[in-house]
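S.K.: The lines below spell out each chain.
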Amino acid sequence: MDDRSPDMLRSTLTAGVAFGTLGAIPYVRLINISCCCLLVTACGFLAAYLYSRECRLARVAFRPGAGATVGLIAGAFYALSQTLVGAVVVIAVGNDDVRRALGWLRQFAPPESMEQIDQLLSQPDAVHPAGLVLEFFMSLLVAAVVSTLGGLVGGTTFRVAPPAAGPQPTDRDIDREPPSLPNV
Amino acid sequence: MRPVSNTAARSAVLAASLLAASCLAGLALASALEARGIGGAEVVRAAYAPLCHQLPARSLHFAGQPLPVCARCLGLYAGGFGGLFLAWLIPALGKRANGRWLVIALLPTIVDGLARVLGWPGAANLPRLVLALPAGMVAGLLLAEGVADLAAHGPAGAWRLLGSHRPGSVPGRG
Chain V
1 MDDRSPDMLR STLTAGVAFG TLGAIPYVRL INISCCCLLV TACGFLAAYL
51 YSRECRLARV AFRPGAGATV GLIAGAFYAL SQTLVGAVVV IAVGNDDVRR
101 ALGWLRQFAP PESMEQIDQL LSQPDAVHPA GLVLEFFMSL LVAAVVSTLG
151 GLVGGTTFRV APPAAGPQPT DRDIDREPPS LPNV
Chain G
1 MRPVSNTAAR SAVLAASLLA ASCLAGLALA SALEARGIGG AEVVRAAYAP
51 LCHQLPARSL HFAGQPLPVC ARCLGLYAGG FGGLFLAWLI PALGKRANGR
101 WLVIALLPTI VDGLARVLGW PGAANLPRLV LALPAGMVAG LLLAEGVADL
151 AAHGPAGAWR LLGSHRPGSV PGRG
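Same order as they appear, the protein sequences are chains V and G.
Just so you know, the first sequence maps onto residues 1 to 184 in the working numbering.
Just so you know, the second sequence maps onto residues 1 to 174 in the working numbering.
Please note that the accuracy of each hint is not assured.
[Unchecked claim] Derived coverage of chain G by chain V (criterion: at least 3 residues anywhere in the stretch with Cβ under 8 Å from a Cβ of chain V; other residues may be distant):
{"no.": "1", "region": "10-18"}
{"no.": "2", "region": "50-56"}
{"no.": "3", "region": "70-76"}
{"no.": "4", "region": "142-149"}
No wet-lab data here; the hints were simulated from the structure.
Idealized CB from N, CA, C, for every residue including glycine.
Kindly produce the complete structure, drawing on both the sequences and the hints.
M.R.: Pasting the structure below:
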């Protein structure tokens, strides 16, 4: 990565907060459960896309390795925002979507799954500080792996080739006054 | 970007495909342990829990026990392993994979998922696994390129979270 590389904060924060919030919204968050952590993967992928765009504007190379880093940082923001927004959602409306989905699944579930579903349905909706911390670290662990993979795939997909080698402007070139127009 | 044929990069891709293979082996291990009544199956199953709903009705069975991930996830993992392994065998293939391939490979899984959401009859477990294979494979190929790049260059400059340079600014000038 070269010295002119743009900072990663804007792209990682945007992707992390956007998908972290989506991952905490009732019903939408079920996408994570039913589609192999799709929101977490997409978080890393989007962060890589946004950062590649910034790199393109800054005319610096964007490698898949940088995509992995961007995905990792975006995953951390994802975990933080999902935990915080998720706590607010549970306080405000409870886990209604999860309960409804489990109730729906219960109709089709084979007998061996009944006990598992009933156990989940019997859990009360509450936010405990210790549970919140545990949830954050669990979310962080998953996001660190899955979002990094998403970032790595995004980094390969949106890679920006290094600019063609040419004479680099030196300090003297930059300090030099622009040539004045001849007096006519 | 350095080509995947670089020895270190190829070794990294092989290591990644072995890691993917061990993830697949872990799935069979959980079911086998459970079938034989040996302890530890719950721990292995719990390791996969954050990644999948693990509903037995939506999962394939091994040794008479449901695998710890659903058929679609199994297809993605198996495809991912296949993609990584193919990229190790044929490095040029990894270099050719791109975003368009990924979109096309994702289509069968997206259509199947949408069919379920819309209430249409979706695919059964085995077809669902097959539908997810291409997406996993292309993701594996792209991943192989990323792993190769990481091995060749490392995550250099990785922690420029709050760098002072904005797009368009001149480096080293206040």
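S.K.: Would you pick out the hints that fail for this structure and give their numbers low to high?
M.R.: Structure breaks hint 1 only.
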